[in-house]
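J.: Listed here are the chains, written in short residue letters.
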Amino acid sequence: MKKLLIVSLLLAPHIPAFAEETPISGLVQTRCLITTDTNGVFGNPLPSKLSTASADGGVVPIVRYDVTLADAYVAKVTTPTAFSSSPSLTDSVAWTGTTAVSKTSDAGMSGYEAAKVTYGYTTQFDLTIAGSTWFSSTATAVYGGTKSFPGGSYTAIVVAECIAK
Amino acid sequence: MRLAVIALTTALMASQVHSEYLYGISGNMAGAGHTWGMNNIGPSNQRGMRINGVFYQYTPVKNTEDDMLVHVRNKRVGGGYIFSSTDDWSGLPGGIPITKGFTIDNLPIELWGDGSIDVEGNGLVTDANVVYSYKYNNDCLTPMSDPSCPGYMDAVLSMLGNAEVEAYDPMGDENISDVMDEKVDLEEESEEEEDKEILENILSSVDDSVLSANVLSQNLLMFALTNAVTMNTYYDKKLAGGTYKETVVLDGGNLPDNKKGARAGLAQQLLHTKMVSMQYDPKE
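Keeping their order, the protein sequence lines are chains C and D.
With the numbering used here applied, the first sequence covers 399 to 563.
With the numbering used here applied, the second sequence covers -14 to 269.
Careful, some of the hints might be misleading.
Derived pair list, reagent style SDA-like, types lysine to any residue, alpha-carbon separation capped at 20 Å [claimed, not checked]:
no. : chain 1 : residue 1 : chain 2 : residue 2
1   : D       : Lys85     : D       : His56
2   : D       : Lys85     : D       : Pro135
3   : C       : Lys501    : D       : Arg248
4   : C       : Lys563    : C       : Asp469
5   : D       : Lys85     : C       : Gly509
6   : D       : Lys85     : C       : Leu467
Derived by calculation from the structure, the hints in this document are not laboratory data.
No experiment lies behind these values; they were computed from the predicted model shown.
Isolated chain D, as found in the complex (with noise of 0.2 Å):
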């Protein structure tokens, strides 16, 4: 189990991990004098610094007619030099201060040595300044950045410590099973409940539906009824010419009376006027 945790956080850490380069300038190397190491250029625990350009500056001092050589260099880990520079002033006059810059291939800084200012001849340097440009991998400022830093392993170890590693159980965890316990309790006294509310439901349900079908029925069986009169026959009904003009005429403009009709409506007047007299009659 430890090394499954220690496996983990390995494989987490390492995911996190991006390389980037970053660029810097040291400082004046040649400060303290004509000598100096290679060790106290940029961050402490660089992994991959890379030298990529060296830039120096002097001031000779001599006589014009003296020879003088001056040399700018880095010793090669292993021997030789890894960057030299020399600069002929025989015959030159001194004074005028000389300003250079090198590119260099990135060359790693474990192969540098230690650099120094060296004059051959007769002269001085003065106001001496020499500077290396640099860059490096920033996946290593901690150890634990990256498992191929130096000193990863034992990083993660230290932050482990000797603590008995040991896999949680929720199950096993007392407050859980707790909680579980009343859950399973609630759940039954609910679901009694539960079964009353639904029966009555599902029976309301029920009578609401015959209900319904009943009232829907008898609409249905008014709609076939009053569906089966037909008004139309009766509102499309139009009479035929629409008028009826007088045709009778009279012959002469004269009138005469009718005395058939006369005679016979007096008879039915007398007769009328007896039988209404009769109603008078004391009964015998």
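So that you can see chain C by itself, here it is in the shape it has in the complex (with noise of 0.2 Å):
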């Protein structure tokens, strides 16, 4: 046994030292897609005035969050401030604008829009059940108080974000 336990010993130091790096690779699928269901279209009831609504002979924007894990997101829909593209503009433009849960794919989704908090043109929904939660926007802008809206073709965009929380 001692003699064993000497040659191993004496064997130790000459083992050569090998190093490995292993990766670790891994794949996060989203949990949270937003898609737009819908574009939107303005329209234009009186010369200083565009909008979404359908009783202006607008389309309102409507755009899906898919949320697979339950009270993990919170959704934030953001209104247009201002025109992404548009002719040129000598005057300001007053915007207004609100978001409100139009379908959903659980009942229990249908307390959304009364537990909604909405800050200036921002309306944030907390996706508490995992499911389709589909939020129309209207978007309204005035132009110079009764000017009316040089012709051209007129731009905004709706932010939707999904936020983890």
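Using the hints, put the two standalone chains together into the complex.
T.: This is the structure we're talking about:
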């Protein structure tokens, strides 16, 4: 037994030292997917007014949130405060906007509307239930009090975000 | 024979069968009320129709504090429910549409009973929309598409009707026999003429062959004769040296007259003259 031990001790310093780096890879699938369900269109009920309301001849933009993990995300929808593209404007534009739950995939989501928080042009919804929720936004732009908008193409953006809690 | 014809028809049609699934979506089954039957889903007479999806949407109308359950479901033939989804709106506000979709594991249409939207509690359901997606075989669009389709044999028998089915014998057809007789007569006449032509052709061919053989043999003989004279030996003769040089040398440069030769020449001349003159002598 002693001999064996001695031999082992003698050999030990001669064992070469190897190093190996083992990678670790992973894939995180999104659990909150935002999809544009309907593109909005401005109506022009008055020369000085552009509106997405259907009563004004517009189309309300709708965005859908698909959440597969309950109570993990907050939806933030911000209505526009400026045109992303438009003819040259020489006066100010007054913006108003609202966002509401338009459709749900679960009865429990009907409470989202009552629990929503609005600050500025942003509306925040707590996505406590897994499933799909549709949010519609209205946006209205009034130009210079009563001035007529110059002829041309106008584009504005609704920003939808999904923020992890 | 009738059975044979039917069997042949069956085999031919069966060989053309190919099965393929088609997909479709029903209309709004809840458009006319909150109960509906499943008989009008998709095209009629579809064999093997299977439901693979249910989609519904409605808007609850209620007070928030009220209890309300909404059941969307289909009865199962034989008892129970083959599909059921319940939304509990108790304590929740109404007014916001709800939409849901379900994947169904291709359940045969025969199992699906009547569908309904039932409200339990206080509240109403408006703007209801229930849609089924389905798939089906297209191989029974007509009963004769496939021997396994319902009503296949009836359709085949109906197509054949009550007419007697007789085997067609082409040899008994008068038109065909007439044509065949005419053909035999023509063949006999033409055979005699053909024999004469063949004999003439053979004889003319023999003459031609003999003539050709003679010409050929003459040619070979002439070739053999001319080939015996070899001209090459004449063509190849050459003179040795090629030139003959002068070898006579005169000493002193003086060449004296040959007196003997002169005498002999003169004597010869005299004799020659005498001989010539003798021809003028008168004959004795």
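J.: Decide if the proposed pair is consistent with the structure: Lys85/D and Leu467/C, CA atoms, cutoff 20 Å inclusive.
T.: holds (17 Å)
J.: Need the status of pair Lys85/D, His56/D: alpha-carbon distance at most 20 Å?
T.: holds (12 Å)
J.: Take a quick look at whether Lys563/C and Asp469/C sit within 20 Å of each other, Cα to Cα.
T.: holds (8 Å)
J.: Given the hinted pair Lys85/D and Pro135/D, is their alpha-carbon gap at most 20 Å?
T.: violated (36 Å)
J.: Is the Cα-Cα distance between Lys85/D and Gly509/C 20 Å or less?
T.: holds (17 Å)
J.: Taken at face value, is the distance from the CA of Arg248/D to the CA of Lys501/C at most 20 Å?
T.: Given pair Lys501/C, Arg248/D is violated - Cα atoms ~171 Å apart, limit 20 Å.
Violated hints for the displayed structure, listed by number in ascending order: 2 and 3.
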